[in-house]
Amino acid sequence: MAFKKQNTGFLVVISFVVFSVVDSLVFLLANVLFPQNVVLGNLWINKTWAIIHSVGTLALVNILAIPFVRVYENYKNKMLGVNEWMGVYFVINFVTVWVMGRLAKQLGFGISSWVVAAFLAVALDVFQGVAMMLVEKLRKKYPSIS
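To convert a position in the sequence shown, counted from 1, into my numbering, add 6.
Hints may be right or wrong, so weigh each one.
Claimed, not checked - Computed spacing ranges between beta-carbons, pair by pair: (1) Val18 x Leu49: 28 to 38 Å; (2) Leu144 x Gln42: 35 to 45 Å; (3) Val75 x Leu49: 32 to 42 Å.
Don't read these hints as lab results, they were simulated from the structure. Source: prediction; values computed, not measured. We put the CB at the ideal spot given by N, CA and C, even for glycine.
Build the full structure now, drawing on both the sequences and the hints.
Right, here's the structure in full:
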């Protein structure tokens, strides 16, 4: 009996790396453009570790949300479209960024208000959406990674 060699977990790793890179670029850009509203680092955590902690947290939450959305899709017996996925990830990003902002002392990531969390969530949503569409094209082109 021959088994088809397939690496089913590799897409999760690719997705985590893509989310991490996109999130770090958005956070860095927001910090450079709006340093009074998006703060990276504190007395105990430098900027580099603040990015690693906050981006790792956000990417992990984003990855862990996918199976729950798939369960919801199966429950409703309907696949979510691109706009619905963007809506789901806006909510996930908003809540996660706001909670991370409340944990500024531990993560080294701070925001000035919930409005900043909303703007960051929109920016993250757009850039993550584009990046994940590219990952999906890559998955279709190379089915062995899915």
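Results for each hint:
1. Val18 x Leu49: 28 to 38 Å: At roughly 35 Å between Cβ atoms, Leu49 and Val18 fall inside 28 to 38 Å, so the hint holds.
2. Leu144 x Gln42: 35 to 45 Å: 38 Å, holds
3. Val75 x Leu49: 32 to 42 Å: 38 Å, holds
Hint compliance for this structure: no hint is broken.
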